[in-house]
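Construct all of the structure, not just a fragment, from the sequences and the given hints.
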Amino acid sequence: MTDGSRGTMRTTEWTMNGKGLRRTGLVLIMAVMLMVTGACGYQLIGGKGIYGGDISSIYVPVFKNLTYEPHVSQPVTESFSRELLSTGLFTLSYEKADGILKGEIIDVTMSPSSLNAQGVVIEKYVSVTVTLGLYQKNGSLVKNFGIADSEVYKIQEGAEEYNRREAIRRLSARMARRFSAQLLLEY
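With numbering that gives the first Met the number 0 applied, the sequence shown covers 0 to 186.
In short, the hints are calculated from the structure, not lab data. Hints may contain errors.
[Unchecked claim] With a Cα cut of at most 30 Å, we get these calculated BS3-like pairs of lysine-lysine:
| id | residue 1 | residue 2 |
| --- | --- | --- |
| 1 | Lys101 | Lys63 |
| 2 | Lys63 | Lys142 |
| 3 | Lys95 | Lys63 |
| 4 | Lys95 | Lys142 |
| 5 | Lys63 | Lys153 |
| 6 | Lys95 | Lys136 |
| 7 | Lys63 | Lys136 |
| 8 | Lys136 | Lys101 |
| 9 | Lys63 | Lys123 |
| 10 | Lys142 | Lys101 |
| 11 | Lys153 | Lys123 |
This is the structure we're talking about:
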């Protein structure tokens, strides 16, 4: 282009100032992030429940104890109920349940873990095995699960029974977390 008054050539440069370049860069980065997260299978959760929202309310009856170990059903059942509730995907209900989680405690084993110098047991090992069945309210089986865990507890005079119950409570909580994780992976 020529400037009529001076007769000099003025060139038009197509440069972007700093603000425009930053804005364009941000838009490109956001577009790439949207494409990447969309391609990875991430999605927004639309509501509660699992299996397409078919099961959002669960009834958890007390697990059947098929062992000779008394008083084990209550802490195991409580751990699973508490964990399902803590995921935020379920409500616990008997009347309005979309699904039922039935559990059976099929094995409880206790054995010596550590001995002192005199050969006296100072720690015991307890292991618990549970089978679980998730059912729809019409009674059809959704899936079976099997979970086991173990814990060591100390033998102390006057506190052995308490330590055993606490060990069962801790291992039950771990089993419940693993079950919840399996459930959410398939969700």
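Hint check results:
no.	hint	result
1	Lys101 / Lys63	8 Å, holds
2	Lys63 / Lys142	18 Å, holds
3	Lys95 / Lys63	22 Å, holds
4	Lys95 / Lys142	20 Å, holds
5	Lys63 / Lys153	27 Å, holds
6	Lys95 / Lys136	9 Å, holds
7	Lys63 / Lys136	19 Å, holds
8	Lys136 / Lys101	12 Å, holds
9	Lys63 / Lys123	24 Å, holds
10	Lys142 / Lys101	11 Å, holds
11	Lys153 / Lys123	6 Å, holds
In summary, this structure violates none of the numbered hints.
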